[in-house]
Amino acid sequence: MFNPFTIRLMLLATLPIMFLAGCKKDNDTDPLADKKARYISNYADIVLAGYEDSYTTAVALKTAIDSFVAAPSQTLFDDAKQAWLDAREPYGQTEAFRFAGGPIDDEDGPEGALNAWPLDENYVDYVNGAPTSGIINDPTSHPNITAAYLETLNEVGGETNISIGYHAIEFLLWGQDMSSSSAGMRPYTDYVTGGGGTAANQDRRARYLQACAELLVQHLEEMVNTWEAGGAYRTSFLALENDVALANILTGIGTLSSSELSGERMFTALDNQNQEDEHSCFSDNTDRDIVTNAQGIYNVIQGTYTRTNSAVVSGYSLIDLVNETNTTLGSELDVLSESVITKVNAIGNPFDQAIIAETAGGNGPIMQAIRELQDQGDKITEAATELGLTVSTELPE
Amino acid sequence: MLHACKPEEESFWEYLDPSEELSGGGASVHDASPLAFSKSIDGLTGDDALLFFVGNSFFNQNWVTAPASTTARDGLGPFFNSRSCSGCHFKDGRGRAPEYSGEVSSGLLIRLSTPGMGPHGEPLPHPAYGGQLHDQAIVGVPAEGDFSISYSTVSGQYDDGTSYSLREPNYQLNFTGYGGAGGVMFSPRVANQMIGLGLLEALSESTILERADAGDADGDGVSGRPNYVWNSLTQTTQLGRFGWKANQPNLLLQAAGAFLGDMGITSFVNPSENCTSPQNDCQNAPNGGQPEIEDDDLRKVELYCRTLAVPVRRNHNAPEVLKGKELFFSIGCESCHRSKMVTGNHPDVSALSGQTIFPYTDMLLHDMGEGLADNRPDFLADGNEWRTPPLWGIGLFQTVNGHTNYMHDGRARNLEEAILWHGGEAENSVNKFKALSSAQRNDIITFLNSL
Numbered sequence: 001m002f003n004p005f006t007i008r009l010m011l012l013a014t015l016p017i018m019f020l021a022g023c024k025k026d027n028d029t030d031p032l033a034d035k036k037a038r039y040i041s042n043y044a045d046i047v048l049a050g051y052e053d054s055y056t057t058a059v060a061l062k063t064a065i066d067s068f069v070a071a072p073s074q075t076l077f078d079d080a081k082q083a084w085l086d087a088r089e090p091y092g093q094t095e096a097f098r099f100a101g102g103p104i105d106d107e108d109g110p111e112g113a114l115n116a117w118p119l120d121e122n123y124v125d126y127v128n129g130a131p132t133s134g135i136i137n138d139p140t141s142h143p144n145i146t147a148a149y150l151e152t153l154n155e156v157g158g159e160t161n162i163s164i165g166y167h168a169i170e171f172l173l174w175g176q177d178m179s180s181s182s183a184g185m186r187p188y189t190d191y192v193t194g195g196g197g198t199a200a201n202q203d204r205r206a207r208y209l210q211a212c213a214e215l216l217v218q219h220l221e222e223m224v225n226t227w228e229a230g231g232a233y234r235t236s237f238l239a240l241e242n243d244v245a246l247a248n249i250l251t252g253i254g255t256l257s258s259s260e261l262s263g264e265r266m267f268t269a270l271d272n273q274n275q276e277d278e279h280s281c282f283s284d285n286t287d288r289d290i291v292t293n294a295q296g297i298y299n300v301i302q303g304t305y306t307r308t309n310s311a312v313v314s315g316y317s318l319i320d321l322v323n324e325t326n327t328t329l330g331s332e333l334d335v336l337s338e339s340v341i342t343k344v345n346a347i348g349n350p351f352d353q354a355i356i357a358e359t360a361g362g363n364g365p366i367m368q369a370i371r372e373l374q375d376q377g378d379k380i381t382e383a384a385t386e387l388g389l390t391v392s393t394e395l396p397e
Numbered sequence: 001m002l003h004a005c006k007p008e009e010e011s012f013w014e015y016l017d018p019s020e021e022l023s024g025g026g027a028s029v030h031d032a033s034p035l036a037f038s039k040s041i042d043g044l045t046g047d048d049a050l051l052f053f054v055g056n057s058f059f060n061q062n063w064v065t066a067p068a069s070t071t072a073r074d075g076l077g078p079f080f081n082s083r084s085c086s087g088c089h090f091k092d093g094r095g096r097a098p099e100y101s102g103e104v105s106s107g108l109l110i111r112l113s114t115p116g117m118g119p120h121g122e123p124l125p126h127p128a129y130g131g132q133l134h135d136q137a138i139v140g141v142p143a144e145g146d147f148s149i150s151y152s153t154v155s156g157q158y159d160d161g162t163s164y165s166l167r168e169p170n171y172q173l174n175f176t177g178y179g180g181a182g183g184v185m186f187s188p189r190v191a192n193q194m195i196g197l198g199l200l201e202a203l204s205e206s207t208i209l210e211r212a213d214a215g216d217a218d219g220d221g222v223s224g225r226p227n228y229v230w231n232s233l234t235q236t237t238q239l240g241r242f243g244w245k246a247n248q249p250n251l252l253l254q255a256a257g258a259f260l261g262d263m264g265i266t267s268f269v270n271p272s273e274n275c276t277s278p279q280n281d282c283q284n285a286p287n288g289g290q291p292e293i294e295d296d297d298l299r300k301v302e303l304y305c306r307t308l309a310v311p312v313r314r315n316h317n318a319p320e321v322l323k324g325k326e327l328f329f330s331i332g333c334e335s336c337h338r339s340k341m342v343t344g345n346h347p348d349v350s351a352l353s354g355q356t357i358f359p360y361t362d363m364l365l366h367d368m369g370e371g372l373a374d375n376r377p378d379f380l381a382d383g384n385e386w387r388t389p390p391l392w393g394i395g396l397f398q399t400v401n402g403h404t405n406y407m408h409d410g411r412a413r414n415l416e417e418a419i420l421w422h423g424g425e426a427e428n429s430v431n432k433f434k435a436l437s438s439a440q441r442n443d444i445i446t447f448l449n450s451l
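Those protein sequences? They're chains A and B, same order as listed. Residue 1 is where the first sequence starts when you use our numbering, and the numbers rise one by one after that. Residue 1 is where the second sequence starts when you use our numbering, and the numbers rise one by one after that.
None of these hints come from the bench; they were simulated from the model. Hints are not guaranteed to be accurate.
Said to hold, decoys possible - What the simulated footprint calls covered on chain B by chain A, stretch by stretch (three residues with Cβ under 8 Å from a Cβ of chain A suffice, anywhere in the stretch; the number is not a length):
{"hint": "1", "segment": "23–35"}
{"hint": "2", "segment": "54–63"}
{"hint": "3", "segment": "187–198"}
Everything numeric in this text was worked out from a predicted model, so none of it was measured. Cβ atoms here follow ideal geometry from the backbone N, Cα and C, with glycine treated the same way.
Input sequences plus hints: build the corresponding full structure.
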């Protein structure tokens, strides 16, 4: 049977040594070898903890959705929404592991099925002006809504067609955001069956919502399994040469910092001035997406992660490693990583209001955060150079 | 400076060109990771560095059906093949044909036409199905149809007795949406990697025409013809540069053509939806504004396509790589896969101007033989001709896209098969390749993988 993780292992094994600037540094002759290994190992622990928390909160989300669907009420609907918001907190931090050549984001990775954006709303359900659109309202073409079936639909039109994932659940809980001042206003009665419900096909909407939650749990479980002790990717990751693993880690956070987050997610929305050109547009939770992404970078730099149960995973940090040869640079990185957190927290909420209150290229809070994130990306590149690596973090996929 | 251990008698050292490590000149990037095709060139000035991200966003993210909350990104379809550019150009890399019947395609589409040509020499679209088979459509509109591929085996032998087998695709096109498709001609096309396109756009016409030899005046068996195509914006005929048949004159038209043809997104270049007159459902479907992609966003995608950097070579100075390079030249591959050129002045991005580049393409059309022919003309390109594809980055397809499928329809499963599929003007070179020793053949592959 085709196993994407096996293929991935083979790929990694045959990768040319790419990031080394000059000669390959042998672990035996690298005085920092042990310390690099400690940092890499701590990173793997942080990755695992991040996916475990994402998994746990996704399970809680599924439970809340199941309870709501069993007996729809405003209270249980609000609980499910809160569970979605809670689930985004750890997941947002795991985006620091994307762009690191790992299993989340490659051709077979589940990232597209988890977090792809934007959502094709009327491919899923009714929208303003199209009350019968979507898979939910088409029982003839789509008689049985199950997790397995939705996953096959998600492949139509390339691997990025978005009918599942966090944002599908978000849409099914909040509905379209047609308001400039609030999040989506879907009534819980969209799920009330047997009379008194709003919109049609309430039972099918419920099944769709449950199936999406089920898939979310499945896909995050895959990530936990591959990163846990003895897991396929953790094993191959820890077997990489120190400098290759380090370059992957730094490419991941550098790319998120200077490109994906600051450029694609923040600047593009600001430049477009389009209110809903933002990631969590139904729930107006984009400000938290930005903060948690930035926090994820911070975690990798500082070598520490605070779990959803408040436990702390902590160990040898990137700053410790850089300090071994250049304390000035280590300190600069430390200061910047703190400053980024301050800047992203200063962005107004909701984000869709913040972007129209500010101009691209100006000096508002979003631009300030963008510049700080880009400076942090440059500093990560400097840290890589200090460690004898050449990484390219400027730009995203 | 050459390697210290250079054996003076080895001729392959003459093939060492130190500047060639930077395949894209100053527009190269040091990256051999899965994101190797996704980095911008250095030297973007002013706002371009940030606007690159906006282009990237519109290249990567899905388009959605109108009306949607994300109004900047709605208007998908009614017909489409993919919801995003990156759906086919995954990580700015290369698409792949389905491996087996029924596998969903991610990056192969089927061009359609009928015999004859339009007023500007362009292929004539099919009256009911247009210029491309759309296997996807928005909810409420039937798709035009679909296709499946099966492969048959073609066997052969090297001169040393080693046998090889190639796979030849056979296509089954199913036109189900809008009646029969009598007389249709078709051409499968794999999505190409996106690197270095701005450099190719910056080549002066005279540089490209230096190698044109339509009548094979020099008698080397290799011609090389420029394609001349219609620019609908300027209403002029221009040198074709992009696409498998060099049927687009510049990146703006290439990108706008892909937006309309592949995703059903209208733009100022192509303001009308992709619906033929029998396709009423398509015509009556909601759209995402007129045009669906705003002018400045299309320009940012153009900027993005222009400024994706070329990864630097790996091991460009290794002896086996240089031996392979020497053989690559000596058996005549370089006749079409032109190694070195200098770009002219790019009007919009100065960092692309005056760069010494090593694209391994002459940007010209060549007869590639019956085996590869699609028997479908495209402006001046006849059914046997294809534009020489650039080879820079070819050694990174596995890393970026997880496959090593080559040729216009992805039939070759590796570089060796890709070489063996060459026919027509390349037949002499292929015969010389078959006559090489196994070690020499490996050196050529090693050289190619260093690109």
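Now for the hints, and whether the structure bears them out:
| no. | hint | result |
| --- | --- | --- |
| 1 | 23–35 | holds (count 7) |
| 2 | 54–63 | holds (count 6) |
| 3 | 187–198 | violated (count 0) |
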